[in-house]
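Chains as they are written, first to last, in the numbering used here: chain A, 730 to 1050; chain B, 198 to 474.
Okay, derived cross-link-like pairs now, EDC-like style, lysine to aspartate or glutamate, Cα gap no bigger than 20 angstroms in a straight line:
(1) A/K859 / A/D938
(2) B/K369 / A/E935
(3) B/K369 / B/E305
(4) A/K811 / A/D790
(5) A/K759 / B/E305
(6) A/K759 / B/E375
(7) A/K759 / B/E376
(8) A/K962 / A/E935
(9) A/K759 / B/E302
(10) B/K274 / B/D264
No lab work stands behind these hints, which were simulated from the structure alone.
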Amino acid sequence: MREGKYPVKLYAPGTGLGFKLKNRLASLKKPWLWLLLPMVGLLTGFFLIPLLWLIRMSLYDRPASNSSGGSRFYDPNSFTFKQYGDILTDSYYFTIISTTFLQAALITFVVMLLAYPCAIMIHRFSARLKTTALLVVILTKLTNLLVLTYGLLVLLSNSGIINSSLQKLGLIKEPISMFSNLFAVVVAETVIIAPYPVLIIVSALEGQDPTLEQAARGLGAWPLRAFYETSFKLTWSATLGASFIVFNWALGAYIGPLVMGNPDTYTVAVEVYNATFSQNNWPLGAALAVSNILLLVGLLITINLMPRLLKRAVQIGRTGA
Amino acid sequence: MTPTTSRPLKVQKKGPANLPFLPLTLIGLFLLGLLLAPLILSLLVAFTPEQTLDVPSITTLSWRWIDAFFNDPAWQKGSGNSFLVAGLTMLIAVVTGTMAALAFERHEFPGKGVWSLVILVPLFVPPVVLGMQSLVWHQRIGLWGNLFSLAIAHALIATPIAFMVMRATLKKVDRQLEEAAAGLGASPFRVFWRVTLPLSFPGILVSAFFAFIISLNEFVMSLFLATPKTQTISTIIWPQLQYNPTPIVAAASAVLLLLTVVILGVASRLLGVKRLI
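This is chain A alone, in the form it adopts within the complex (with noise of 0.2 angstroms):
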């Protein structure tokens, strides 16, 4: 019997409208629809839709009256780019912009200058003392920021500890000036992010095969080359991924260069709650969150591209060469 003789496809079960409809109903007892019916709720009501308001919002311009009493934080008929025309040609926003992606730039190399060797330490340490340490690094990812925030103050500020032991010892007249600037800045912001790549990068090293670089030293690898050609580059992408994510968060930093830093270390971050609660000007506000989003955004497109660009370079020198 030849197989496709008959237009088979005409007599299957399972084509006619009636089945469809019940196919539809069957689709719909689909278990994993159910399953994830809260989790998409929650994310598109609380969180996509809120993002879509946001920048709606951000296209507005506030109420001219604002005695009103705050019943309303936006004027509905005033459809504007008003807002991002006003950060865009003003000064000040614009130093607020450089000073975010500057600070953020620094805090990323510091962290990660950390974050690396101490994750390579806490790799190599007994079962037991990794645990502490990992309980260590867990709890000041999970402690209050507020906490850390005035753990430093006491530790950095003029009267705190670091001056007052050294002004006792006799080793300094003045305080030095540890509070209120770019260093304690970092400082806070290396303490808030570096929990991150430390877990991020302690995990990749824990899943790599540890024979690997014994062997590149049983192959006679010098130490430092034997750990360059296998956890290094084994882990390489991890910590990528890592840099990434501190950058992530101390483009988003907003309590470190606000509690220990001064009006010129004010990141974009800082300004959005500023323009939001402190000049009751909303629609500022929400643009402005919205250019945090779209430095993150940026920052994103240019680092899938940057290899790319790096290859063409590459390439175009190599012609020319």
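Start from chain A and add chain B according to the hints.
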């Protein structure tokens, strides 16, 4: 003549025995110290007998500020709100996260890889942006000024964590046991209730604890969403920390910190530290 097999293979090893470990360890210990110092200090200052931010010596520890914290009605109200919000967040995050994790671990559907990343997106949005967007939306739908408003915002970051913990937990639950129960005629819900849930109970506890601490310690979103009626411990600490840091703030910090330590300790006992990373 000695048999050649007994001679060990000799490999020329160059250089020192191991990586230069000392500088790495110094940097690593420096970072760990930097992480620990603020925690220990804010804990110690809570026990100062003075009016100012002094670190007490062991002999002069005092409960004065801890007492003041627990007896002040404003802080009591704040603590009550904090715990209510944390409880609500925990409920939302655990139920939502567990259900989604079940869908991902026990069912097949298209685009799984992408969707599992989409769920994690809120974790990478700066808290200020999350706070601002929640503020404008909650104001629009009339949720602003309500404890639910805070809880739902906190759930945005607690749920992805619960989801990840539950996925890892469900991966470890033996599916054959579930299949056996189903084969013996249990309905899917009964299988979940009698087999999956008891076997994944430690994971559920841990994700509940995590959601609780995340909400308790969340600050930036609370700052945007809290109104005078819905102050939490964090939002009461904030203005005092900025303008007038007294030891009572340290007492509040210490209470939060101790709670966090206890909950983290229990969680690490339940699941092991490696699973918490």
